[in-house]
Every structure is written in C-alpha cells, then in structure tokens.
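Make the full structure from the sequences, and use the hints.
For the record, the sequence lines run as chains A and B. Numbering of the first sequence is given in our numbering, commencing with residue 1 and proceeding in unit increments. Numbering of the second sequence is given in our numbering, commencing with residue 1001 and proceeding in unit increments.
Calculated from the structure, these hints are not laboratory results. Any given hint could be a false lead.
Listing some non-contacts, in silico: residues in chain B with all C-beta distances to chain A over 12 Å [claimed, not checked]:
| hint | residue |
| --- | --- |
| 1 | M1217 |
| 2 | R1356 |
| 3 | K1420 |
Cβ-Cβ distance ranges computed for the label pairs, FRET-style [said to hold, decoys possible]:
| hint | chain 1 | residue 1 | chain 2 | residue 2 | range |
| --- | --- | --- | --- | --- | --- |
| 4 | B | K1235 | A | L53 | 42 to 48 Å |
| 5 | A | I161 | B | E1170 | 57 to 63 Å |
| 6 | A | L163 | B | D1370 | 42 to 48 Å |
| 7 | B | E1362 | A | F63 | 51 to 57 Å |
| 8 | B | D1128 | A | A144 | 46 to 52 Å |
| 9 | B | L1064 | A | V95 | 55 to 61 Å |
| 10 | B | D1128 | A | L39 | 52 to 58 Å |
| 11 | B | K1034 | A | P99 | 54 to 60 Å |
| 12 | B | A1038 | A | I239 | 53 to 59 Å |
| 13 | A | A144 | B | E1056 | 19 to 25 Å |
| 14 | A | L53 | B | N1077 | 57 to 63 Å |
| 15 | A | L298 | B | Q1239 | 49 to 55 Å |
List of simulated lysine-lysine pairs, DSS-like, C-alpha gap at most 27 Å [said to hold, decoys possible]:
| hint | chain 1 | residue 1 | chain 2 | residue 2 |
| --- | --- | --- | --- | --- |
| 16 | B | K1068 | B | K1319 |
| 17 | A | K67 | B | K1427 |
| 18 | B | K1225 | A | K67 |
| 19 | B | K1420 | A | K67 |
| 20 | B | K1319 | A | K67 |
| 21 | B | K1087 | A | K67 |
| 22 | B | K1398 | B | K1292 |
On a predicted model such as this, the values are computed, not experimentally measured, just so you know. For glycine and all other residues, C-beta sits at the position ideal for the given N, C-alpha and C.
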Amino acid sequence: MTQTQPVSRRSPAPSLPRKSRQRGVDTRAGYTFLLPWMLGFFALTAGPMIASLYLSFTNYNLFEPPKWIGLDNYLSLFQDERFMQSVGVTVSYVVFGTPLKLAAALAVAMLLNSKRKGQGFYRSAFYAPSLIGASVSIAIVWKAMFGDAGPVDQGLSFFGINLGGWVGNPSMTMPMFVLLTVWQFGAPMVIFLAGLKQIPGELYEAASMDGAGPIRKFFNITWPMLSPVIFFNLLMETIHAFQIFNSAYIISNGEGGPAGSTLFYTLYLYLRGFSDFRMGYASAMAWLLLIVVGILTLIIFRTSKSWVHYSGDSK
Amino acid sequence: MMINRRNFLTTIALGTASAAVLSACGQSGTTAGKTGSAENPVTINYTWWGNDDRAERTRKAIALFESKNPDIKVNGNFTDFAGYWQKRATEAAGGGLPDVMQWDLSYLRDYGQRNQLLDLSTVNINTDAFDKSLLPSGQIRGKTYGIPTSTNAFAVYYDPAKLAAAGVAEPDGNWNYKEFHEFMTQVGTKSNGAFFGGGDYTAVWWMFNIWLRQNNMEAFTEDGKLGFTKDDLKKWWSQPADLRGTPAMIPEERVTQLLPKSAFGSNATASEVTWDNFMAGYLGDSGAKELKLVPVPSDDPDNLGLFLKPSMLMVASAKTEFKDASARFIDFMVNDPEVGQIFKTSRGVPASKTQRDGTTFEGTDKLVVDYEKSIEKYLKDAPEPPIVGFGTLESSFKRIASDMNYGKVDINGAVDAWFKEAEDIIKQNA
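In structure tokens, the structure reads:
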C-alpha cells in the first residue's frame, strides 16, 4: 500500500478518477482488515456502553424491562451515604497509592539502571509481583499475611509494634491496600527503565564535570528528561487505581467491610448491580466514574504543559 | 502484537457467541424437555452453596443419582452463600440459570415472582410425604417454585468441652435474655481469654424476627410493609449493649478476621445463636467432638417465637431444556432415603417423611432431630416467602449491625440507616 501511493501521485492530471478509485479500493481493503476489530468494538464495547448509558436513566432490576426514570439515579447517588463512602475510600486510595507506587517504581528503576552483574535477574525478580499482583491468589495470600497472627502481625510484634491483624481493623485496611498496589510497581518500573536508558550519558558526565551531586543531577537531568515517561505513568496508574476491584472483592469477601473501609467505587457498583438488582443505579455510577476519570485525565494533561519537557522543545 | 492478538480473540469470542445463539434457536421446547438415554445421557447443571462438608455429601448424592439414572448426568458447582446470589443474578440476566438450584427462602420472591423459576406443579415431583403446613413456604400466588429439602429452627449452640474448661454449668435452654447474657458473661470471663462467651446475636435478622414474634409482632405486614417501628429495632440492638467490648461478646474485628469461617466454628466463642442444621458444618470447622443445642432465650416462657423454616428449597430454572430430568433430580434429592443417609441433618431435618424415616440419626445428628422434636409445642406457622428484595434487607441488617459494632455509627444512626435502606427497597419493588 505504501508503494502504490507515490506512483499515483506521480501520474498526470487525467488520472485523477483512477487515483480516487484506487483510494476507494484501499479504503475498502482497510475496512475489511479492520472488520474483526470493528465488530468486536461495536458488539463488545460500544454496544454495551450505549446500553448502559440508556440503563443509567432507568430503573432496571435485571428481570423486568427497564423503566425510564430520567435523572433519578444520578440525583439519588448524592443522597446515598454508602456512595459517598465509596468515593472517599477510592479517592484516598488513588491519592496515596498512585504517587507511592510511582515513587517506588522510579526508585527501583534507577537502581536497576546501573551496570551491575545479574541485572537481568533483578529486573525479572522485581517485575514478577506485578505479573501476579492482580490475580485472585495474591489477594488471598495478602489477606492471610495481614490477618490475625499472620506473618506481618508477627513480624511487627517482634519489633514491639502490636497492631493486631490489619484485615479486621477498619483503620488499617487502607494502608494494606496501598502496600498491595505499591508492591505491584513492575509495569511502571519497566517503562521508567526504558526512559532512563534514553537519557544520554553525556549529560551526567557534563554535570559531574561542573560539580553537580546526585541530587542535583536527579532534579536537573533525570526528572526533566524523564518527564514524558512520568506523565504517561501517572496517567495510566491514576486511571488504573480508580478501577481497583479484584483485590477489594476478595479481601473483603465481596462486602466492602470491615465497616465499609474497603468499599471501593467499583465494588459498590458491583454490589448495587448484582446483589441489590439495581442495574440502572449501577450504570449511573459507571458513567459518573467515566466522566470523573475523563475530567481528571484532562486536568493532568493541562498541567503537563508546565512540567513535561519533550526533547526538541524550544523551552 | 497485543492488538492483533486481541482482535483474534474477539473474533473467536464473537464466533462462539453467535454459534451459541444459533444452537439455542435450534432447540425445540416440549413439555418434558429433552430426554436422554443410557448411551446418550443428557447433562443437567446443579448448583448449591455451602462448605466443603456439603460439597462432599452432594458429590456422593449426585453419584448415587447417576448410578440410578444412567440417562442423566449431573454437573455440580458450588460457592459460598454471599457469592452465590451475585452469580445467580448475573446468570438470570443472561438467561442462563442452571437447570436445578439449591435455593433460599429469602430469594424465592425475587426470582419466582419475576418468572425466573419453573412452576414445579407442572412437572412430576412427589410431595405426598411432606407436611402440608410446610409446602406453602415454597409457593407464591398459587405456583410452586420451590420444594423444601428439609427444615431448620433457631437454637443456641454451645460447646460442652469449652464450658467444662471454663467451669460453667451447661444451660438447659429455659432462660430469658438476662440469664442468657449472664451465661455469656460467665463463660467469657472464666475462659481467661481463651475464647469469648458468644457473638452479637442481635446482628442476625432471623433472631430479630423471632424476638418480634416473642413480642407478638410480625416482621412484615400482609401488604409487604414493615411490621415494626424504629423503637422496636432500637430496643433490640440496645439489648446486649452492656456485653459489647467485654469478654462476653467477641469483638467485630475478630469476627472479620475469621471470615469466611464463623467465630463459633473457629473455636473463638463458646456459643452461637443460629440455625440448628449448622451442626455438621460446625463440627467439621471446629474439630469439636460434640456440640449441643438448646432453645433461644425468651422473656415470655410460653412464647419462644420459634418456627420451622425450610432450610433450603430445590428449584428449577424456568428456561431449563430438561424439565423431566430436572424434576427427577429434585424428586430424588428431597425424597430418596439414601440421600437422607448421606446428608443426615446437614441440610436440616429432612422434610419428606419418606426420607426422614429412611435415615438413621445418631450422635450429633440425633441431637438436631431431638431438638426439633423438643420444641414442637412452641412452634408457630412457618413464615411465608418474605418480600421481594428481602435478601438485600437481610444482608444490610448484618452489615449495619457490624458497622455499629465497629463504632462507626451509634445505635440511633444504625436504626435510621437500616430503615432508610428498607423503605427504599420496599418502594423500589412495590
């Protein structure tokens, strides 16, 4: 396809119809190749999304036809204490979990960027938790580790810190979830590592010649040079964090307990839909989440102009 | 690479989905549904909730059924109680409920009234051996959606070994709430921290229901409204207020840690107020040699508020293609004496007389049967299938009581929160 275009562009003026005919064939071929993806997109993504948008304006209990109720679902969200609680839980998770995870990922990436023996092994080892992190089994292990008389409780007791089990203590469940997400720093770490490799060594050499210390080098070279990668990771991890579900469902036995301290947004959405049979309400929650995450993404994009530097920028 | 692979999978998924739709269209619906033969058996799906103990017993029962009915294969599947209903909701929405299901009274209206369950009076299931007062609990508006497998009643369990260790006399079950509280306090105090007296029994909806009956109230009115006031619920939740935070009552933190096992099954308490058919499960979980049960406390010695409830029902999906096979499996599960021998009292006391008489009850199973006999004179009519949305109400009752025990809300706040949710649900489903 790339070869045909220059040919037709070189053709004389009378061949214009042929050019457009050619383009039509290309277009058709393109769409044919796209077809499987398009079918999937419309049947499995766009279709259900539009259906859920419609359902969000209805009262739908899964068994009977939906009844149109306008904006009622959206309005009643704000009078629902459990909804407010789920927003609070999720926001604190995003606010604490995401920056810590990124900091951990960047720190480990910088350690792994130095030339040392066996780096390949360390890279794999540090990446491993994020491969299994979202899985069901790890949530179960996590629950056992932080339970009463679990390894964490015993370890802390050894140092004279007696917190008891974290799982049953409403004020300790959030730190537990934040630790779980921080531990899964592998994916952003790999991206950071790739970004670090792109930074020319001369910059550091020159800075050393000028007498810059490691902290100076980090803030004046690493941070600005890496900022597009940081920006990307921040965006992806923020969006991911809002969608936490698996581990919350498993650790709290699907109930969001203790005392609602793990009632994450998506978990409450699920409970509303599938335990209380209020699919319309759940759909409204889903759309609200989409809108809020969209706005947040936009805000992060806007602020990026002031702190993200692309090479070749005049700034 | 990633995107290509996803495309490929999407295509496959689409292809499979459309094949499934086409094959579904091709199936004909007759009154008996599809039938099989020994060479070419039909497979029905059966799902239940429960622990490993029940899973083992169910597998035995299925094997027995298959050996007696070579033309039917049963594909079994189980989860815990909470996850069970979420799965069923998903399946019902997609039109794919399993053929035969173990069911709970709490959810019978939600699915029965919305045409998800098969009217079992249209198929061949023998109910001659059932107590006529029990069958209506599986019926709604003249249709039979569920056949009770067995009955259960509320009781106070205790572990005699733990009481002996603490040096507390075994209760005779002839007690009021004050005496019951004293019992829990004694056990908890004398155990030296080894275990607590009991759990917060006021967090259990059915115990609240029994207390209402002891005070001559019903939980729901005939037109599906609440039959009690905020003050009643406040009084109920305040009743053991002095015990909370003492060795008499296990703290909510511990209960949460022990999930999915119960506090009693984990040997963290010496007593528990619950259904009498939990005996086998508790014995398995706790490893105790013997557990005993006595009637629940009541401030009116002549009115214990007790009733026999179908501990579980067997239902079939309205959309099953195998009506005949499903009916035969249900009939087998509720009537066959050998099934009684397999389950003993772990599902409750068999509801069908044929099955009950064909089962030998020994040891702890005999205790359960004897218990139900001993309370016979106190029994009132079984409650009808509760209101639509009752399952949600029941679980929010437990959740809000738990929030209260965590100190997140005070009693007034908890009462308000529950009434708000209850009124919302009643309005939703009116």
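| Outcome for the supplied range 51 to 57 Å, where the beta carbon pair is B/E1362 and A/F63 | violated (44 Å)
### Pair hint A/K67 and B/K1427, alpha-carbon separation not exceeding 27 Å
Within the cut-off at roughly 14 Å; holds.
Is 49 to 55 Å respected by the C-beta to C-beta distance linking A/L298 and B/Q1239? holds (54 Å)
Do A/L53 and B/N1077 keep their Cβ atoms within the hinted range of 57 to 63 Å? violated (34 Å)
### Query
Is 46 to 52 Å a correct range for the gap between the Cβ atoms of B/D1128 and A/A144?
holds (50 Å)
(request) Decide if the proposed pair is consistent with the structure: B/K1420 and A/K67, CA atoms, cutoff 27 Å inclusive. (result) holds (22 Å)
Query raised in the report: Is B/R1356 truly not at the interface, in the sense that its beta carbon sits beyond 12 Å from all beta carbons of chain A?
Result: holds (35 Å)
*asked:* For a C-alpha distance cap of 27 Å, please report whether B/K1087 and A/K67 respect it.
replied: Answer holds: B/K1087 to A/K67 is near 24 Å, not above 27 Å.
Check: Could one say that the CB atoms of B/K1235 and A/L53 fall in the range 42 to 48 Å?
Finding: This hint holds: roughly 46 Å between Cβ atoms.
Report task. Determine whether the Cβ-Cβ distance between A/A144 and B/E1056 falls within the hinted range of 19 to 25 Å. Result -> holds (24 Å)
Check your understanding: Taking the CB of B/A1038 and the CB of A/I239, does the distance hold inside 53 to 59 Å?
Key -> Cβ of B/A1038 to Cβ of A/I239: about 56 Å, so the range 53 to 59 Å holds.
Straight-line Cα separation of B/K1225 and A/K67 no greater than 27 Å?
-> holds (23 Å)
In summary, the numbered hints that this structure violates are 3, 5, 7, 14.
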